[in-house]
Structures are given as structure tokens and as C-alpha cells.
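Colleague: Sequence:
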Amino acid sequence: MRLGLSFALSVSVSAVAGGAFAGAPPPARAVSPEFYSGRWYEIARTPNFGQRDCQAPTTDFVAEGARFKVRQVCHHGAPSGPEKVFTTKGRIIEGSRNTRFTMDFLGGLKKQEYWVLDCAPDHSWGVMATPGGHYVWLLSRQPVMPPAAKAAALARVKALGYDKLEFPEPAA
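Under the working numbering, the first residue of the sequence shown carries the number -19, and numbering increases by one thereafter.
Hints listed in this document are in silico derivations from the structure and should not be mistaken for laboratory results.
Pairs of lysine-lysine, BS3-like flavour, derived with a Cα cap of 25 angstroms: (1) Lys64 with Lys90; (2) Lys49 with Lys69; (3) Lys90 with Lys49; (4) Lys64 with Lys49; (5) Lys69 with Lys91; (6) Lys144 with Lys130; (7) Lys64 with Lys91; (8) Lys90 with Lys69; (9) Lys49 with Lys91.
Working from the sequences, and respecting the hints, build out all of it.
Modeller: Below you can see the structure in the form of C-alpha cells.
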């Protein structure tokens, strides 16, 4: 969810008001806690400074109940380019139907909230965003989504109000 969120997580921590939205739309459906486990591949994202020239981004979650560890990898310039690795911890926000979570930055001095706006019923893809509506990521359990699933997921991203997207090169 780097989580497709690849290094934009740190960018959104310092984001200021003034984006396309007054805020992100509310999450559409509950997600299972397993959403925060395993590998996610970033398919599309809002262009952002923190992920400039980031290719083949992945996010690995290791669940620990309502908490999880995160390891995000971005390759500079090409899927085989040098890795930039980011590790942190997060937690699912209680009472959110597992749709909202926070991640720690700067050794826990700063927290950023993220929302799972929607996902496939089988959790094969997910749409995550910052609550302010500035950033969005389309994530998949596979490095390349089947064309019909990708079209449906991108239509959902656009229906949520996000139309300016970039598409990183997939993992090899």
C-alpha cells in the first residue's frame, strides 16, 4: 500500500494544504487485516517529488496484529537501477474497519495517516491515499496487472477524483 507508497510517504509527511481536493473520499469498504501483509507492487501514483524517477517500487508488509513493519524499495531510473530502501513501522487505526493506518517517520517523531479508499474483493489490488487528497497510489499483488483488472482499477481511481497519474516501470 510504497504500498505503492514508495518514498512519497516521506513527502506527504511534509505536505501542506493546497491540493486538488478538500480531502480524500471516505474508504468504500472494509479490508481484512491480511491487506497489511505480503508484497504490494505500485502500478500508478500521483506524481510527487519523493518518488521522482522511482521505478519498480514495492512495499513489503510484515503483520504483527494491528501493527506492522514496512520495507519499501524504489529503483532509481530503471527497474534494475540502484535501490533506495525505506523501513518503518505502522499500525491500523482501531475502529476504521482496517481502512486507515498510520506510519511513523523520523524515529516516531512524526506520524502520517493513510487510507485504503477501495480494493478488489479478493484484495488483488488496492487504492491508497493520504486523507488530504493530495496523493494516491494504485497497488497490486502482481508486478503487472491483467489488462481488464488494471482498466477497472484505474477507472475506480479516476472515479475517486484522481486523474493526474504516472506509471512507474514494473519490476522485472
